[in-house]
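There are 4 protein chains.
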Amino acid sequence: MLIVMEDGASEEDVARVVAQIEAMGYRAHPIAGTTRTTVAVTAVQGPLNPADFEGLARVKEAIPVSQPWTLVSREARVGPTQVTVAGRALGAGRLAIIAGPCAVESHEQTAAIARAVKAAGAHFLRGGAYKPRTSPYSFQGLGEEGLKILARVREETGLPVVTEAMDTETLDMVADYADVIQIGTRSMQNFPLLRKAGRCRRPILLKRGMSATIEELLMSAEYIAAGGNQQIILCERGIRTFAAHTRCTLDLSAIPAVKARSHLPIIVDPSHGTGRRDMVRFLSRAAIAAGADGLLVEVHNDPDHALSDGAQSLLPDQFAGMMDEIRAIARVVGMTL
Amino acid sequence: MLIVMEDGASEEDVARVVAQIEAMGYRAHPIAGTTRTTVAVTAVQGPLNPADFEGLARVKEAIPVSQPWTLVSREARVGPTQVTVAGRALGAGRLAIIAGPCAVESHEQTAAIARAVKAAGAHFLRGGAYKPRTSPYSFQGLGEEGLKILARVREETGLPVVTEAMDTETLDMVADYADVIQIGTRSMQNFPLLRKAGRCRRPILLKRGMSATIEELLMSAEYIAAGGNQQIILCERGIRTFAAHTRCTLDLSAIPAVKARSHLPIIVDPSHGTGRRDMVRFLSRAAIAAGADGLLVEVHNDPDHALSDGAQSLLPDQFAGMMDEIRAIARVVGMTL
Amino acid sequence: MLIVMEDGASEEDVARVVAQIEAMGYRAHPIAGTTRTTVAVTAVQGPLNPADFEGLARVKEAIPVSQPWTLVSREARVGPTQVTVAGRALGAGRLAIIAGPCAVESHEQTAAIARAVKAAGAHFLRGGAYKPRTSPYSFQGLGEEGLKILARVREETGLPVVTEAMDTETLDMVADYADVIQIGTRSMQNFPLLRKAGRCRRPILLKRGMSATIEELLMSAEYIAAGGNQQIILCERGIRTFAAHTRCTLDLSAIPAVKARSHLPIIVDPSHGTGRRDMVRFLSRAAIAAGADGLLVEVHNDPDHALSDGAQSLLPDQFAGMMDEIRAIARVVGMTL
Amino acid sequence: MLIVMEDGASEEDVARVVAQIEAMGYRAHPIAGTTRTTVAVTAVQGPLNPADFEGLARVKEAIPVSQPWTLVSREARVGPTQVTVAGRALGAGRLAIIAGPCAVESHEQTAAIARAVKAAGAHFLRGGAYKPRTSPYSFQGLGEEGLKILARVREETGLPVVTEAMDTETLDMVADYADVIQIGTRSMQNFPLLRKAGRCRRPILLKRGMSATIEELLMSAEYIAAGGNQQIILCERGIRTFAAHTRCTLDLSAIPAVKARSHLPIIVDPSHGTGRRDMVRFLSRAAIAAGADGLLVEVHNDPDHALSDGAQSLLPDQFAGMMDEIRAIARVVGMTL
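Chains as they are written, first to last, in the numbering used here: chain A, 255 to 591; chain B, 255 to 591; chain C, 255 to 591; chain D, 255 to 591.
Accuracy of the hints is not assured; some may be wrong.
In silico EDC-like pairs for lysine to aspartate or glutamate, Cα to Cα no more than 16 Å straight-line [said to hold, decoys possible]: (1) B:Lys513 / A:Asp532; (2) D:Lys513 / C:Asp532; (3) C:Lys402 / C:Asp426; (4) C:Lys513 / D:Asp532.
None of these hints come from the bench; they were simulated from the model. Every value quoted in this text rests on a predicted model; they were computed, and no experiment measured them.
Whenever a hint applies, use it, and build me the whole structure from the sequences.
Have a look at this one:
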C-alpha cells in the first residue's frame, strides 16, 4: 500500500502518519519526492483496506500495489530516482560512465587506468578488490589492500570508486573505502547480503543474476530498500542462453522493462554481457540508445596480462573512441553526461 | 577454399578458372567484388590443397576457409554486400527501414499503412499474405489475394514489397509479386525451401530461428548462396530464453557477430523480438546504434482490431516519431538512410 | 467445443450430428473412443454456446474447451490413443522401441543394423532417407534410393519402417514406402507440411521443436488432426538451453505435461536429446520410468564411419544391454512391450 | 596434479609426501580410497612436471589433471565417494531418500511429516529453518527456533536432518544442529560460504545453480573440498529455460555428466525441479532410473496451508506410493536402499 501525502504536508505530518501506520503493526517507509512524499506500507501478509489509511490527517490517497514490490515500484515515487555520489549524479536524465579494470592488481595499474578513463570522460572508477571466481585456484583479488589502492587512486584522480562486496562480513569494510558498493550477479539473491546492504549508508549497484527475471531483480532491490537504503542502481549484465557466440546474451529489453515497473535507474555492463572486447563498443552504443542511465565498462592498459577478464577489457584508446559515440547518442535520446 | 583472382583478371579469366575447378569435380561460385573477383570452391568432403589452385592462370592466391560456410564468409568478398531492390540499397552503409502490417488484411488497410510509413520515411513495405500461425484455427493470411493487394499498393506508393513464402509450392508465385522474399523464423532450417530460394531471382530476407546459433543462421544463408542467389539479408528477431517480460529476447550481439563472420547485411525485427509495442522504439534505436543495416517494424493503423500481432504493432504516429530518432542515431554511427 | 454422444449412439446418429454442426458453418470431427464417440467442433472464431448443441438428438453434453487445441485435447477422447502399425501397437500401455541408423547409407548397413535391433527386441526400424543437415555440403541422404532400401529391409526383417519427410513435394512418396512418417524437429512448425500430413493415410511421428513449448507442440499436432489424421505420436527430443555438456537438454517433464493435456502418446529420442552415446542408456531408462510410450534410438554397427550422428549412436551390443533394463523398468511402471 | 601412492603405502609414507609437496610451496590434499591413497596438489598457477613428484618415496605415479577441478575429479579417487551420516550411507550403490517439508513451520507439523516419511521409507528429514525467499515480505523461516525443532524431531524419529545454511554468519549454528548442511541453488557461487563450508565438519549438500553449468557446479564443490571437507553430495534441481510448463527444466543428463567427471554422488530434487506436485512422481522415477544416488523430495501434510512451496509438495500418501516404485526401479539399476 502506498500512502500519498498532500502536497503541502510537513515533515511532522509525515512522521505522524508513519507512527500511526506502525501502531497498526506495519512498517512505514517515507519516500521523499521532489513535489510530495509517499509513505509505503510493508510487512503485510494479506490485503489492506485503503479506507483504513485515507482517513489519516494530510493523507491525499491510499493506493494498493498489485505487484509484489512496493518501495521500488514506479508508483512509489513521482518521477525517476537520481543517485548522487560525491557530487556526480546518475539517473533521471544524467548518464554516468563507470570504467576501470576488472580487478585491482596494483597501484600503478589502477592509477594508470583511472587517469586514462578520466581523460576519456568516465565519471566513476570501477575495480574489484574482492573477486568472485569460479575456481578456488584463480586470483581472488587483493582484498583490503585493493580497497586501499582504490581509495588512494580516488584521491589522486577525484573519481568516486565502485567496488564489490561479496559477503556480510566484509561489507562494512568495503563501505569504509567505496563510494558505491557493487553486489555482483552471483550475489543478486544473497538475501543476507542484500539485507545488510539495506542498512548501509552507501549507494548500491545491484547486478541482475545470470538467470534472474526482471521481477526477481526488482524483488532483490526491494530487500535493500526495505532495509532503509533507497540509493540503488540496477545493472543488466547478460543472461544465460543457448547462444554461444557471446559469454552471456545481453538483454537490452531489461531497460524499458525496468523503467516501466520501477523508479530506479538501470545501467548496462557490456563487458560481462558479451565477454568480448570487439563487441563492447557496439553494445555500449546500443545500451545508451535503448535508454540506459549509464555503463559499467572494463578497461585495462595491458589486457593480455590482466589477472582476470582480459579478453573483454577495452584498451584505453578504444574506450576514448567509444566515449565520443556515446556522447552523441546520449544527445539524441535526451540524456546529459 | 577461396580462389582470389588477380586484380585485372577479365571475365574470361574467371570463366576459365571456374571451368578448371569444375573439371576437378568441385562446384565453383564466382563472387564479384568491387575491386576483384573471388571464386569459392564448394561440394568438397575433405580438405583441399591450395597449391592445386594457385597454379591456375590469373589466380593470385588460394585461401582455405576454416569455418563451415564459404560463400557467405567474410573472406569471400572484399567489403560488405549491398543488396539493391528497385533502386533502393540496403547494407554497406545504407540503412533501410521496412515497415507495414503483420498481415495483409485488405487493400484499404494495407494502402493506408503504406502511405503512413512512406510519409514517415520507410523504404520498403512489409506485409504477410501467407502467415505461419501456431493454431490451425487462426487467420492464415489472404494468400494470392494478399499478394495482389501488396502489388497494387506498391504501384500506388512506389514502396518495394517484402513478404513471406512458406513452402516450395508457393515460392514462385510469391516471387512473381514480391520484391524481397522473406523466409521466416520457423523456416530458417526448412532446407528444401532454402534450396529453392537459392534458385530464385529475388533477394531473400532470412530470419534467424528462435533457437538458432549464429553459425546455423550463416549455414542456412550458405544453402541459398550455394544455389546461386547471393542477394541475402539476414534478420535478428529474438531468441527463446527464460526471460518472460518479452516474447523473445532480442540478441543485438548477433549484429557484430554476423559482421565479424560474413559479408552479408543484417537487420533487426524489434516487433517480434519484443512482442510489445512499448518496447519497439527503444530496441529499434538500440539496433541501429549496434550497427544494424536496417529494421523490420510492424505498423498498424488499428492495432486493437489487427488480425494478428496487434499488441506489438506501432501506431503510424509512433513510427514517425521513432524515425526521427533513428535518423539521428544513424548519423552518429556513420550510416545513411 | 466437444460434443459427447450418448453411449449407445449409432454411426447414423453421429453422422446426423456432424451434418447439423457443418450446417451451422463449423467443421465437425468425430473421434471414436472405445466406449463412446465425441464430435469436436473447430474453425470457430469466437466462443460457442453449449446450449446450441445439447439439444441435438443423442447428444449427451457439450463441453467448451479452454485450451487452444481441441482434437488432441485430453477431453476429446476417453482414455489415451493407441497407434497401431502393421499389427504393432504404441501407446495406452504398450511400449514401442524404434531403433536404427541416423541415415540409410546402404542396404548392407541398414539390413545388418535392422537384424541386430530386431534380435535385441526393437519393434520398428528407423532410418533417414531425406536428412535435414545444417550444412548444404553435408551428406543429405540417399532420397528415394534410401526409401527403397528401407522397404526391402522391412520385407527381410518384418520391422515396420519410420522415416522422415521434409517437404510437401516428397511426402506422398515417403508415404508410399514408410509405415510411419516422421516430421522432424526443424519442421515442427512447417505448417504446410503439417497440413499435408493431416491428409496422409500414415501415422505421423511429430518431434518437438528445439525451442517449442508443449502448447506449440500440441498445436502442431492439432494441424495434423484437423486435416483428418489422428494417428499421431509425439516425440520429446531435447531443447536448446545454456547447458553445453549435452547437445540439447532432454526435457522429460514433457511426458507428464503432454499426458495431462492430450490423449496422444509421447516417446523420447535420447540420441538427439543428448548427442552422446555414453548418455543414451541412462536417459532411455529415465524416459521409460517417467512414463514415455516408447523410444527412438540411433544404433549403428560402425559409428566411427557413420555418415551422420555417429557420436550419438549406440553399438548393437550396447542397445541389447539397454533393452534388458528397459524391459524391467517398463514392468515397474505398468507398461508392456 | 594427482600423486598416486603405492598400494601398501602407510600413513607415514603419505604424511611424508604431503610434507614434501608443501615444502615445494603447494598445497597437498590426501584422498583416502578403499585400496590406495591419492594426494592432490593444488594452489598451482602454471603447469607442473610429473617427474618432480614421481621420484618421491612410495609414489606410484603422478597424473596431470586436464580439467580445472582436481580434488573432486574422477581421477582423484578409485571409485565413487560414499557419504555416511549417522550410520546411513549415500552414494556408491546406496540410494538415500531425503524427504520433508519445504520449511519448518512448527514442531507438530515437522514431527507429523517426519513420522510419515519415515514410515514410507525415507532415510533423512529435510526442512528449512532459514529460507531464501524472493520477496523480503515472505515467510523467511523460523531461524534457530526451526533448527531446534529439527533436532527434537531427529531425536523422536531417528532421522538425520538436512537443512540449509544461507550465510557465513549462521553456518556454525546450523552445523551445531544439522547432520547435513544444504547450500542452496542461489548460494552455489557464494564463494565465502563455500570456503567456510570447506572448514566445516558436516557433509555438505550442494545444489546446482539455476543457470550453472556442470563445470561450475564441480568448481563450487572444489571450493569446499579445497577447504578440507570432502563429504559432498551434489544435487540437480532444474535449470532456467524457456519452457514454462514447469518452474524449472530438470536436467537429468547432469547425472551421467557428473559421474563421468567426478567421484562425488549426485541426487535429484524433483520438487523444485518441476514445481508441480503432479510431476514429482514421474521425475523421481526417472531420476533413479538415470542413476541418481538419491532424491530430495518435499512432503507436506497440509500443502494448501504450507508457508512455502505447497504447490510442489507431495502428500504423505503420494510419497508412500512413489517409494514403492522407487524401490523397484532401484533394484533394476543395481542400487540398494
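Outcome of the hint check:
Annotation: proposed proximity of B:Lys513 to A:Asp532 holds, straight-line Cα distance about 11 Å (limit 16 Å). A threshold of 16 Å between alpha carbons decides the hint, and for D:Lys513 with C:Asp532 the separation of about 11 Å falls inside it, so the pair holds. Distance hint between C:Lys402 and C:Asp426 is fulfilled; the C-alpha atoms sit about 14 Å from each other, no more than 16 Å. A hinted pair counts as satisfied when its Cα atoms are at most 16 Å apart, and C:Lys513 with D:Asp532 qualifies at roughly 11 Å.
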